[in-house]
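*Asks:* As a plain string of letters, each chain reads:
There are 2 protein chains.
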Amino acid sequence: MSSPATFIPPERTLMGPGPSDVSPRVLNAMARPTLGHLDPLFIDLMDEIKSLLQYAFKTDNALTMPVSAPGSAGMEACFVNLVEPGDKVVVCINGVFGQRMVENVTRCGGQAITVEDAWGQQTSAQKVEDTLKAHPDTKILAFVHAETSTGVRNDAKQLCALARQYNCLSIVDAVTSLGGIEVDVDGWGVDAIYSGSQKCLSCVPGLSPVSFSPAAVEVIQNRKKPVQSWFLDMNLIVGYWGKGGKRAYHHTAPVNSLYALHESLLILHEEGLQNAWQRHQQGHEKLSAGLESLGIEFAVDPAYRLPQLNMVKIPDGVDDAKARQQLLNSFNLEIGAGLGELASKVWRIGLMGHACKDRNIDHCVASLAKVIR
Amino acid sequence: MSSPATFIPPERTLMGPGPSDVSPRVLNAMARPTLGHLDPLFIDLMDEIKSLLQYAFKTDNALTMPVSAPGSAGMEACFVNLVEPGDKVVVCINGVFGQRMVENVTRCGGQAITVEDAWGQQTSAQKVEDTLKAHPDTKILAFVHAETSTGVRNDAKQLCALARQYNCLSIVDAVTSLGGIEVDVDGWGVDAIYSGSQKCLSCVPGLSPVSFSPAAVEVIQNRKKPVQSWFLDMNLIVGYWGKGGKRAYHHTAPVNSLYALHESLLILHEEGLQNAWQRHQQGHEKLSAGLESLGIEFAVDPAYRLPQLNMVKIPDGVDDAKARQQLLNSFNLEIGAGLGELASKVWRIGLMGHACKDRNIDHCVASLAKVIR
Numbered sequence: 001m002s003s004p005a006t007f008i009p010p011e012r013t014l015m016g017p018g019p020s021d022v023s024p025r026v027l028n029a030m031a032r033p034t035l036g037h038l039d040p041l042f043i044d045l046m047d048e049i050k051s052l053l054q055y056a057f058k059t060d061n062a063l064t065m066p067v068s069a070p071g072s073a074g075m076e077a078c079f080v081n082l083v084e085p086g087d088k089v090v091v092c093i094n095g096v097f098g099q100r101m102v103e104n105v106t107r108c109g110g111q112a113i114t115v116e117d118a119w120g121q122q123t124s125a126q127k128v129e130d131t132l133k134a135h136p137d138t139k140i141l142a143f144v145h146a147e148t149s150t151g152v153r154n155d156a157k158q159l160c161a162l163a164r165q166y167n168c169l170s171i172v173d174a175v176t177s178l179g180g181i182e183v184d185v186d187g188w189g190v191d192a193i194y195s196g197s198q199k200c201l202s203c204v205p206g207l208s209p210v211s212f213s214p215a216a217v218e219v220i221q222n223r224k225k226p227v228q229s230w231f232l233d234m235n236l237i238v239g240y241w242g243k244g245g246k247r248a249y250h251h252t253a254p255v256n257s258l259y260a261l262h263e264s265l266l267i268l269h270e271e272g273l274q275n276a277w278q279r280h281q282q283g284h285e286k287l288s289a290g291l292e293s294l295g296i297e298f299a300v301d302p303a304y305r306l307p308q309l310n311m312v313k314i315p316d317g318v319d320d321a322k323a324r325q326q327l328l329n330s331f332n333l334e335i336g337a338g339l340g341e342l343a344s345k346v347w348r349i350g351l352m353g354h355a356c357k358d359r360n361i362d363h364c365v366a367s368l369a370k371v372i373r
Numbered sequence: 001m002s003s004p005a006t007f008i009p010p011e012r013t014l015m016g017p018g019p020s021d022v023s024p025r026v027l028n029a030m031a032r033p034t035l036g037h038l039d040p041l042f043i044d045l046m047d048e049i050k051s052l053l054q055y056a057f058k059t060d061n062a063l064t065m066p067v068s069a070p071g072s073a074g075m076e077a078c079f080v081n082l083v084e085p086g087d088k089v090v091v092c093i094n095g096v097f098g099q100r101m102v103e104n105v106t107r108c109g110g111q112a113i114t115v116e117d118a119w120g121q122q123t124s125a126q127k128v129e130d131t132l133k134a135h136p137d138t139k140i141l142a143f144v145h146a147e148t149s150t151g152v153r154n155d156a157k158q159l160c161a162l163a164r165q166y167n168c169l170s171i172v173d174a175v176t177s178l179g180g181i182e183v184d185v186d187g188w189g190v191d192a193i194y195s196g197s198q199k200c201l202s203c204v205p206g207l208s209p210v211s212f213s214p215a216a217v218e219v220i221q222n223r224k225k226p227v228q229s230w231f232l233d234m235n236l237i238v239g240y241w242g243k244g245g246k247r248a249y250h251h252t253a254p255v256n257s258l259y260a261l262h263e264s265l266l267i268l269h270e271e272g273l274q275n276a277w278q279r280h281q282q283g284h285e286k287l288s289a290g291l292e293s294l295g296i297e298f299a300v301d302p303a304y305r306l307p308q309l310n311m312v313k314i315p316d317g318v319d320d321a322k323a324r325q326q327l328l329n330s331f332n333l334e335i336g337a338g339l340g341e342l343a344s345k346v347w348r349i350g351l352m353g354h355a356c357k358d359r360n361i362d363h364c365v366a367s368l369a370k371v372i373r
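Residue numbers (my numbering), protein chains in the order written: chain W, 1 to 373; chain X, 1 to 373.
Quick caveat, the hints were computed from the structure, so don't treat them as lab data. Any given hint might turn out to be false.
Where chains are identical, the list cannot tell them apart; a pair therefore holds if satisfied intra-copy or between any two copies.
[Stated by the list, open to error] List time: in silico DSS-like cross-link candidates among lysine-lysine, alpha-carbon distance up to 27 Å: (1) LYS225 to LYS88; (2) LYS322 to LYS88; (3) LYS313 to LYS370; (4) LYS370 to LYS88; (5) LYS357 to LYS322; (6) LYS322 to LYS127; (7) LYS58 to LYS345; (8) LYS133 to LYS88; (9) LYS357 to LYS127; (10) LYS224 to LYS88.
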């Protein structure tokens, strides 16, 4: 190790698939003095975080809280609590995160039945219905609302309705959707949902808001086998995050990161959900016009494009890695690479939360104009 | 929800079982602009964090990194990676965290054989040896180095030697020991160890440094059954935290919390391990003298008292909850309650990391003098 020193990062503009730009309000909140995790003032803050998350998710679910770890752990929290060995889970795959769901089902001893669509296409509701019909003993339907790897919005409302129609629970990945497009947990009848702090909530990475319906809670409370993860066992976590009063110690909450999450949720609450969704849509339209002026084409059908994650084709003759490196080094601008089969074919331009604003869009279009020439 | 507002916490003095006081240097580091988790500058920082952790743990283990979640997840990372169904694990219990290890073994499908000593007593090396002799097919010996629930130091060097003698791997809980008393991973031959960011490292809570020996890595790579946790599977995480060059995306690292951990490890490196241990010992002696002057007695034998966590008897006639409440409300001072069978019988006074300094000790003794009268 050469002599280590305090790390002073540059100020980037984060327009990749996340983390997104974090508001100075959130960074300041995080730097406030640490409280004990059982301090009465901190417990009041936990209650307020729960209420703000209920607002963001549009739910009255009592079991709504942030898992003390990144979105991948939020995903795992949903699967380890709801899936028991032998359970059938229908998983929709049209990108990286649907595939990861299959990994989760398998590691819980469940049986994953996959409904596959091409990366960049929407999940076919017809295929899902056919699969649920063919497997009437399916316990759970799991899908990704906003596929971060492709910029595709799956039709969460319709898929949740199918889950209910075929007597399944639903698990929804809302990592990239929450705060950027409509998420309506109670309206759609979602049973388990997880998100990430570092996308459209524009908080620092490291926390995963989750919410479970009363039906899901009943399933968790009546499991035959204990949840395989102690850290993610909702039967234990509920004693720590439960409403008011005496808390049972489970783990030490990430106190300062929760200050940050609280502040980011407060910003969302001040703006209002509808306004936040509208801002993302308007940013997307402005970015689209700018990209069109450069001759850069989208790789996703307009009917199901995510405003907050824009997957576009890399123009012919442009070197992917070199262009992104130039954006980072010359313009302090981060955009995302393609993943899997889309690597070096597409870019993913994020417009998430605090990063979705005119200044950033202008900077992105102007910088792209220079590197693709 | 009444109208939510920005949360401005008071500045407490944190002398409980953790989190401990966080240095302003660490809080400032955490508030710096977020970088993308695949940014080359951030990847360099990850490498430096690994080197600083190797210094703190006294190890050359290549697989040394922070798990992106609290100490409980670090514990789970050690068990889910090393324990397979049917494996025998000897677990030493003399407090809360030994018990939690048993939970982890069981949830991995392993068989826990317990060596129990009273809370407040040290683990008996003789009993451990007898147990290992009686169970020659034991795969792992697991124990807590510094029992946060009682303030007892177990003899890690001796227990690790027994593990080697009986051909076992060792799993060591160093949540409260790292940075406060000697931890010598390579010297003792530890195979898997986990700690927490919020104790003697005086970083914010939410991260768990871990280290695995080459022998442990070999066991993990040659498992019969995949690790049951996707999020904690070291076979995957190593691709993300592996040395230099190209990183395989696994999860989104908690970027700003890692800035904080880096700064706290830098502070430890500047001070030097020996000096940090000595400072904790001197603080403990000063606190002991102060408590003695108040007639407050220790509940742990001096031969194995932890300097950084002082378990003392609540004086006769003093109301536990009322006294701690008064310390918090009138003096902004947090000390810890007793857990389990020790509840309302003892207090736990932490002297961890940045909190272990003369100013705090004087304040603690002076405040206690007022509330026990």
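*Asks:* Each hint should be assessed against the structure and marked as holding or not.
*Replies:* A quick look at each hint next to the structure:
Taking the shortest Cα distances, LYS225 and LYS88 sit within 27 Å of each other both inside one copy (16 Å) and across copies (20 Å). In this assembly of identical chains, LYS322 and LYS88 lie within 27 Å of each other by CA distance neither inside one copy nor across copies; the values are 45 Å within and 52 Å between. With identical chains, the CA atoms of LYS313 and LYS370 are at most 27 Å apart within one copy only, with a shortest distance of 17 Å there and 70 Å across copies. In the homo-oligomer, the alpha carbons of LYS370 and LYS88 never lie at most 27 Å apart, since the shortest distance is 51 Å inside one protomer and 62 Å across protomers.
Taking the shortest Cα distances, LYS357 and LYS322 sit within 27 Å of each other inside one copy (26 Å), while across copies they are farther apart (51 Å). With identical chains, the CA atoms of LYS322 and LYS127 are never at most 27 Å apart, being 40 Å at best within one copy and 62 Å at best between copies. In this assembly of identical chains, the alpha carbons of LYS58 and LYS345 never lie at most 27 Å apart, being 37 Å within a copy and 45 Å across copies at closest. Proximity of LYS133 to LYS88 under the C-alpha cut-off of 27 Å is restricted to the intra-copy arrangement: shortest distance 13 Å within a copy versus 44 Å between copies.
Proximity of LYS357 to LYS127 under the C-alpha cut-off of 27 Å is found in neither arrangement, the shortest distances being 38 Å within a copy and 65 Å between copies. Taking the shortest Cα distances, LYS224 and LYS88 sit within 27 Å of each other both inside one copy (15 Å) and across copies (24 Å).
Comparing the model with each earlier hint shows violations of hints 2, 4, 6, 7 and 9; every other hint is respected.
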